[in-house]
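Which chain is which? The protein sequence lines are A and B, in order. Per my numbering: the first sequence = residues 1 to 448. Per my numbering: the second sequence = residues 1 to 498.
Take these hints with a grain of salt, some might be off.
Stated by the list, open to error - The list that follows gives simulated cross-link-like pairs (lysine-lysine, DSS-like), each with its CA atoms no further than 27 Å apart: (1) A:Lys-195 <-> B:Lys-492; (2) B:Lys-199 <-> A:Lys-37; (3) A:Lys-21 <-> B:Lys-442; (4) A:Lys-195 <-> B:Lys-199; (5) A:Lys-371 <-> A:Lys-323; (6) A:Lys-323 <-> B:Lys-199; (7) B:Lys-40 <-> A:Lys-323; (8) A:Lys-53 <-> B:Lys-172; (9) A:Lys-400 <-> B:Lys-314; (10) A:Lys-371 <-> B:Lys-40; (11) A:Lys-371 <-> A:Lys-400; (12) A:Lys-442 <-> A:Lys-405; (13) B:Lys-315 <-> A:Lys-394; (14) B:Lys-242 <-> A:Lys-198; (15) A:Lys-286 <-> B:Lys-492.
No wet-lab data here; the hints were simulated from the structure.
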Amino acid sequence: MRYIPNTDADCRRMLDAIGVKSVENLFADIPAAVRLKRPLRIPPALSEADLVKHLRALAARNADADRYSSFLGAGCYNHFSPAIIGHLISRGEFLTAYTPYQPEISQGTLQAMYEYQTLICQLTGMEVSNASMYEGASATAEGILMAHRVTGRDEVVVLRSVHPEYRQVTRTYAQQINLTFHEVGFTPAGTADLKAIKAALTDRAACLVVQNPNFFGVVEDLAELGEAAHAVGALLVVAVPEPVSLGLLKPPGECGADIVTGEGQALGVPMSFGGPYLGFFATQEKFIRQMPGRLVGATEDREGRTGYVLTLATREQHIRREKATSNICTSEALIALIATIYMETLGKNGLREVALQNLRKAAYAKERLAKVRGCGLRFSGPTFNEFVVQVKRKPGDVLKGLLRKQIIGGLDLGQFYPELKDSLLVCVTEQNSRQEIDALAKTMGGGR
Amino acid sequence: MSGQTVGTRGLVFNEPLIFEQGSPGRVGYSLPASDVPEKKAERLIPKKLLRDDIPGFPEVSEVDVVRHFTRMSQWNYGIDLGFYPLGSCTMKYNPRLNEDMARLPGFARAHPYQPEAVSQGALQLLWELEQYLAEICGMDRVSLQPSAGAHGELTGIMLIRAYHTSKGNPRKKILIPDSAHGTNPASSAVCGYQVIPVKSGSRGVVEPQAVAEVMDDEVAGIMLTNPNTLGIFEDHIVEIAKIVHGKGGQVYCDGANLNAFVGIARPGDMGIDVIQLNVHKTFSTPHGGGGPGAGPVAMKRHLAPFSPVPTVEKKGNQFALNYGLPKSIGKVRSFYGSFGVLLRAYTYIRTLGPTGLRRAAEVAVINANYILTQLKGAYHLPYDRYCKHECVFDDALQIPDNVKTLDIAKRLMDYGFHPPTIYFPLIVHGALMIEPTETESKETLDQFIAAMQAIAKEAKENGDLVRNAPHNPRVSRMDETRAARQPNLRWKPKPSGS
């Protein structure tokens, strides 16, 4: 076995040194009645070459965004990722390190995390960021739990234009400690319904949870939502599943957000059929000690050299146990490293340019699809790189027709919103050429 | 130090923060020219919702970025560099084949919402992995959704809570031995449970009597790590499970240490109802400096109706996602789990097969016991008995010379080794928790043993050398108090004019 260096002879010498006859003696404390007396019923070992063939065959049975034109977004985005990312994260010093508990020999990971925290603050306009969470939905759930801790209140107001899976995850978390959920609908423009929100917000509300751009791709006016939440002493939690939008949009931190959570997948991370992804979590300095997750801080060594350490661990499970701010331990350091390299490579101008291309291409696609027979735009609010198209035919049939032309046309919204069962959520990124968009419009219009 | 040691010094580079580099207009990216009308952003989105700039964001070239991270990487220790005996963390070799497979476009470039008809390869892989993990654990179903070990624990406790709730009472308490990982009490607390500690007995295991004393019908269940954090198999597990089941409770096993007995025994055969697996430990997926991991939860049949959605089901030759579980706890994350990590675990299991997996467990246990017997005498062994995959020493023999566990750990770096886990488990004062894994050769273990023995000698003869360690890394011990008292958690531009 190529991953196990010790041969039978090596093991024999070690067993002699240990002073036992056989390896069986070392397992003598496992009661005989519960010992497995047969080999595991899993397939026999495959050689490296055979396994590569097998996995290539499995991979070939999946559509991928290279062979298909994909217009799917909805929390997972098809963005271009520079070649250097794969090379840099494959360095064994990053890839095969554990959580940086020993700072003297973990400065690479720690400085990268410190840069990540800084970049997330700059992007979101917030004061502090943790070093990563699992992914966007559970990060948002942690945001709600933190709002509950900060305010001591038990109600949560969530907009229905927040990603349905984010709502489902936050609900799963919140029901464990019996928080009450109020969901508020959206306007015909697809935007937040301020009047309904104000009616739902009371002095029992811990927070108002909004997504920007929202699940329909519509850009919200966060400032007025922040005012509404703060008026009753609730926090504003802003979820951002598509952070490339922050290359153009006013950061939530400048619009009254108290907690910003989101999904870092758009920042250079492979779509990878849903994970591993990257939850980000940022807030204001006054809430530092209520934050979940790891934090990296700058300090000095004995000779006065700048260095970095995991800090404020008294919030965390390994110190505080049941009184910790979260149970999170291993999170997504390597994925945060991808996002860090992505943000630094694109930089100030690159992120803005990618965001602009997304905006313009989606605007072009919107115009094209609006003119297609049997199609119309469902909402009138301003959008970033996603928008909702209403179709005359069944959305499922439309998607099947597109698939035959190697086009993955978007998401059938009926599975999440009964009132939108005639609608598709379409996403356009810098990866979609004008030609692809034209082909989408032509095929949707019944063109051959 | 003798010329035999692995650790030495090499040329390493200083590298400032990226924010202190670059110049305006410098670029590291290349985007295709726009092929659609170049409308101004404010024509599409109201100006008040837009930003002009991302203050502080870097402007650097591709070369700058490559050198930046390559230099920083040299300040890290990793399994690829050497022995990483971090107890409880199972730092085994991370096969590169698994990395390559995860990067195949059919996996890496697949969208989670693409139609099932064109996702059959991914769904088949998930379905098969569930079968393998269920067989390895002796369980009926496995949810692949949780993102890490602690996330799996949380999901498992949610399942227990949902099970009790369906019977009319979620119950109030969870029993947790004092040797548990910190995540166990924290996961229980996130689910609203009160944590009742159970003291380990003098043999280093939980005694049935201690469980019976606190077990009542408000206890939802017990969370046991097996083998426990002393590396000792909880040999009363079957009896403990009977006591807990007798009062209607559930038995949760923290499966972080499953690597000690894969193929030798199965949690499901011991009376365990639910267990999480840390695939970034037992199944070799790289830890990446703190994730990504994956924490599948294996469960017995009676908990399966509460499983997170969706599950993957096989119908004929087709694989499909099933959201139709009316009693499901819901979802613990978006989509289906850390697919790319699960894929690496699948690749690992297919590489080893049943014989290789069992062999891995056996050699891991031989390696740990070899270290245990060879270091006994030089270091104090609080529980003097054979261990499973890891052994726990303490600093009792070094304390008289005023050398502590922390000093020993730091000094190991100079010899070229990553330190063991220190000061855990909490029930051993000054613990040094050593887990070698099966992917280390006898020669590596002998080098480590020699280093540990040399340090024990240094502690007696030249304590300052140990107390001031490490000497070889680029930086020395960090002022952690200052980091916590004056938190500096992000770079800020220097005030202009300074």
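Taking the hints in turn, this is what the structure says about them:
1. A:Lys-195 <-> B:Lys-492: With Cα atoms ~39 Å apart, A:Lys-195 and B:Lys-492 exceed 27 Å; violated.
2. B:Lys-199 <-> A:Lys-37: With a Cα-Cα distance of about 33 Å, the restraint between B:Lys-199 and A:Lys-37 is violated, given a limit of 27 Å.
3. A:Lys-21 <-> B:Lys-442: Cα-Cα ~18 Å, so holds.
4. A:Lys-195 <-> B:Lys-199: Violated, at roughly 55 Å.
5. A:Lys-371 <-> A:Lys-323: 57 Å, violated
6. A:Lys-323 <-> B:Lys-199: Holds: A:Lys-323 and B:Lys-199 sit about 19 Å apart, inside 27 Å.
7. B:Lys-40 <-> A:Lys-323: 51 Å, violated
8. A:Lys-53 <-> B:Lys-172: Judged against 27 Å, a Cα distance of about 51 Å means the pair is violated.
9. A:Lys-400 <-> B:Lys-314: With a Cα-Cα distance of about 22 Å, the restraint between A:Lys-400 and B:Lys-314 holds, given a limit of 27 Å.
10. A:Lys-371 <-> B:Lys-40: Given that 27 Å is the threshold and the Cα spacing comes to 22 Å, the pair holds.
11. A:Lys-371 <-> A:Lys-400: Holds, at roughly 21 Å.
12. A:Lys-442 <-> A:Lys-405: 11 Å, holds
13. B:Lys-315 <-> A:Lys-394: Holds, at roughly 25 Å.
14. B:Lys-242 <-> A:Lys-198: Distance ~53 Å between B:Lys-242 and A:Lys-198 Cα, so the pair is violated.
15. A:Lys-286 <-> B:Lys-492: 17 Å, holds
In summary, the numbered hints that this structure violates are 1, 2, 4, 5, 7, 8, 14.
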